[in-house]
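K.L.:
Here are the chains, one letter per residue:
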Amino acid sequence: MQVNTQEIIISFTLNGEKVVKNVQPNWTLLDLLRKKLRVRSPKEGCLRGDCGACTVLLNGKPVNSCLVLAPKVDGATIVTVEGLKGDPVFEALKETFAEKGAVQCGFCTPGMILSAKYLLDRKKNPTQEEIEEAIEGNLCRCTGYIKIVEAIKEAAKKLI
Amino acid sequence: MTETREVTAERGPFFFKRELGKEEGEYKLVGREIERPDAFSKIMGLTKFTADRLTEDVCFGKIVRSKYPHALIKRVIVDEALQIKGVLAVITAKDVPGENQIGYAIPDQPLLADKKVRYIGEPIAIVVAENEYAAEKGVEAVKVEYDPLPAVFDPLEALKPEAPKVHEKGNVALTTIIRKGDVEKGFKEADVVVENIYYTQRQEHAYLEPEAAIAYPEGDGIRVVLCTQSPFLVREFVSRVTGYSQSKIKVIGAPAGGAFGGKDDMGPMVASKAALAAIITKKPVAIILDKEETFVASNKRHPAIIRYKSGATKDGKLTAVEIEIIYETGAYANRSPFVLWRATVHSAGPYVVPNAKVDGKSVYTNKVFSGSFRGFGDPQIHFAAEQQMDELAEKLGIDPVEFRLRNVLKEGTRTVCNQLLEESVGMEETLKKVAEAANWKKKREELKKYRKGSKVRGIGVACAYHGISTSRGVPDWSAAAVLLNEDGTITYRSTITRLGQGSLIGHAKIVAEILDIPLEWVHIEEPDTSASPNARPTHGSRGLMTGGTAAADAALKLRRTLIKLASELLNCDEKNVKLENGKAFCALDPSNKIEFSELAKETYQRGYQPAYYGFYFVPRRYFDPETGLGVAYCVYTYIANIVEVEVDKETGEVKVLEAYTGADVGKAIDPGLIEGQMQGALAQGIGYAISEEVAFNDGKIINPNYTDYIIPTVKDVPRKVKVVIIEKPYSSTAFGAKGVAEAALIPTAPAIANAVAHATGVRVRNLPLTKEKVCFKLKEGKK
Ligand code: FES
Ligand code: FES
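Same order as they appear, the protein sequences are chains A and B. Just so we're aligned: the first sequence equals residues 162 to 321 in this note's numbering. Just so we're aligned: the second sequence equals residues 6 to 788 in this note's numbering.
So that you can see chain A by itself, here it is in the shape it has in the complex (with noise of 0.2 angstroms):
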């Protein structure tokens, strides 16, 4: 990442916690979660918005941070997995993404289940097309997505 450039003060709640950053303006918000504040569940998969891999939820929504510049989420609200415990619709998920199989390799999972959570936050009961729009943008290699789908609903059916 670029260094001697102008640093920007930026604050934002992380996981429930308040944060206050120098970060560089051409940081990615996956750079500073990743190299800076050290939170891994984040992945780096492609880089530019293709994987879905760096998900993170900005202000309640599932983005590519690493498409986000770090100066941008002043104010904001950034949740990852980190910050979700006892999240009765993230605990649900991660039962059941255990239990069903979901997980291989597991680059993609975290990044899979809040795009997964943040379907499940507006809909109690979704239909397999919505399941489908809510992950089309998280690729996985390894599991064929059959038993991350299955996983979904099941979590679904566990909440009502």
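In short, the hints are calculated from the structure, not lab data. A portion of the hints provided could be inaccurate.
Computed list of lysine-lysine pairs in DSS-like fashion (alpha-carbon distance at most 27 angstroms, straight line) [stated by the list, open to error]:
id	chain 1	residue 1	chain 2	residue 2
1	B	Lys-727	A	Lys-314
2	A	Lys-319	B	Lys-725
3	A	Lys-196	B	Lys-288
4	B	Lys-562	B	Lys-22
5	A	Lys-197	B	Lys-193
6	B	Lys-22	B	Lys-447
7	B	Lys-720	A	Lys-318
8	B	Lys-448	B	Lys-654
9	B	Lys-598	B	Lys-22
10	A	Lys-222	B	Lys-720
11	B	Lys-362	B	Lys-400
Assemble chain B with the ligands onto chain A, guided by the hints.
P.N.:
Relative to chain A, chain B with the ligands alone:
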């Protein structure tokens, strides 16, 4: 040719039943689906992939790559790069202290190109800097002066005498051969003969996690952490390149974010560069490829051109095949000798063919090198073989499943290499069960109704077989260690790596089953060449079969020790001692018992050996490379896929609606993990069949990212996938297990092509089945 067993080990299911004194139904872990013990840490992002281990003190290495597909290197000018703040070193070929050679089977590939570059993206220098940014600037500042040479991009062009030579010895890296029976006679006996040419493309692994390695100078040695499929192979290469003895190199196999063969080939190459950089700068150095570099410079699935002629009698018996195989290896041979031999010895598909003439060639071009990729040469050859089967069936007016059943390999039959199959041959049962699950007969008729309008449907079948472990007489073995701790827990060590497939979980289940203890008591250590026995690579679907059998060997040795000890402590005859649920007791008086933790303590107190090394040497027999006849593999996994597709005749779009995939896996140690492997392989096969193709323009890859190289999303996989598991145990391995990781990918593309032919009446013999190709074929009509 001799057919006596030179090395053999009887370890199959009967052996285990006898040894453990249990019926299979009584097994607590083996054969049952469990929840993965590593799921939660992956969900929470706690699993430490290589890049997750970066610390502030680690420097970065970035690679200067060739801009030409074929050129002599006149000069590499590094001065300007060295002026950049933060740049510590620029490493070129002349700085390599050991051998500048990373060819896998043939010594044709330098770690850093010195005299000549042979593909766009070939590594020339490594810039090491204190931070990533400086390293990137350094790469831009290195000037390479080239003398461009004429390049060759097409394997058929490369075979012409006037073609530019990629390597001095010429453009044929190697040849393979099978001569069995008399093909002329075979074709004379045939009532129908079908001859076609098939083309398959380059496929990229496209794992989400890029290749990465971090090397740390440590004392007078070096430690390398990386995502790899073979820590010991990495050690061998690092030793060769750095000149360090193997004992001074410690390689840790970090969990990988997908591998699929790619990290088998790339691991040693990336690790060797990181190690070199760390040794030269005396600092920890990370080399992490970006996604574009992965696309441009990592190995790919071999593109193939296959001319295939086959004949059958009117009662549906195959009489002969004549096959010419060209596999394009790109700039370097890498794994080609193994890939091409695998394709050759599987070239007739899982069928009895009395007469065969097969010639294989691996051809150099000025493109990125080919190499290992799930299926390892078998998807290409089965794409051809299985469409041939459908065309023969059609000409004969026999149902495609029925036609296959008349020819399938069974126990007591011989393969195209004349290998006598003595056991564990489940092709017939697998095909029958998959056809039953798919409701084949009914569907095949019913779908004919979907012939009107622009969207038509069809159903197609394809079979495959896939030898496990190494081919021909190449030795293969595996090892593992089981250590009983004083509190009764187990420390388990193996260098089979964690790619997401879960082999080590299978090993732990085997150990826990044999000792009859809870799975949680078995702790799996991180693969480490300085501490773990050499389990050899995690490839060829061998991780569970060979590694798990070594684990069983170690666990059985410990079990026998514990039984002996318990007999002493309980004052009970050894044959009456039972190990059950973490206890030992005397069968004659179950109240006469001892807890496992006590037993562990006593092992140490009474001087019994608490740790065991397990070893497994895969049965080997004779293979003659001059005729291609003999025992090609010790055992095979048999696979059948049936898919239902919808083809949009206007757009040419092919959509897989349903899929049924089955495999004879020997023994399912964990049906859930197998299902996961089969579903994932199927999806990768669908990508291979329909959308994935590495595209070039004058040797330059023009789609080096997920925007332009399309892998399946959730919307591209069928909503209905049924996995069928068949168990025909193998007598040489733990509980009879064979391998499964690659299986389902192999017959996926031909099953789809056959389904498209059923739906539309036209046949596409050129992968992938893109919209354009399907449209073109439909316009061209039935040709
Ligand atoms: S890493 Fe951000 S989308 Fe791939
Ligand atoms: S589990 Fe490996 S990418 Fe999804």
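K.L.:
Next, verify each hint and record whether it holds.
P.N.:
Here is how each hint holds up against the structure:
1. B/Lys-727 with A/Lys-314: Given that 27 angstroms is the threshold and the Cα spacing comes to 18 angstroms, the pair holds.
2. A/Lys-319 with B/Lys-725: This hinted pair holds, its Cα atoms lying about 22 angstroms apart.
3. A/Lys-196 with B/Lys-288: The given pair, whose Cα atoms are some 19 angstroms apart, holds under the 27 angstroms limit.
4. B/Lys-562 with B/Lys-22: Since the Cα atoms of B/Lys-562 and B/Lys-22 sit roughly 16 angstroms apart, the hinted pair holds (cutoff 27 angstroms).
5. A/Lys-197 with B/Lys-193: 73 angstroms, violated
6. B/Lys-22 with B/Lys-447: 41 angstroms, violated
7. B/Lys-720 with A/Lys-318: Holds, at roughly 22 angstroms.
8. B/Lys-448 with B/Lys-654: Holds, at roughly 20 angstroms.
9. B/Lys-598 with B/Lys-22: 23 angstroms, holds
10. A/Lys-222 with B/Lys-720: At roughly 21 angstroms apart (the allowed maximum being 27 angstroms), B/Lys-720 and A/Lys-222 satisfy the hint.
11. B/Lys-362 with B/Lys-400: 23 angstroms, holds
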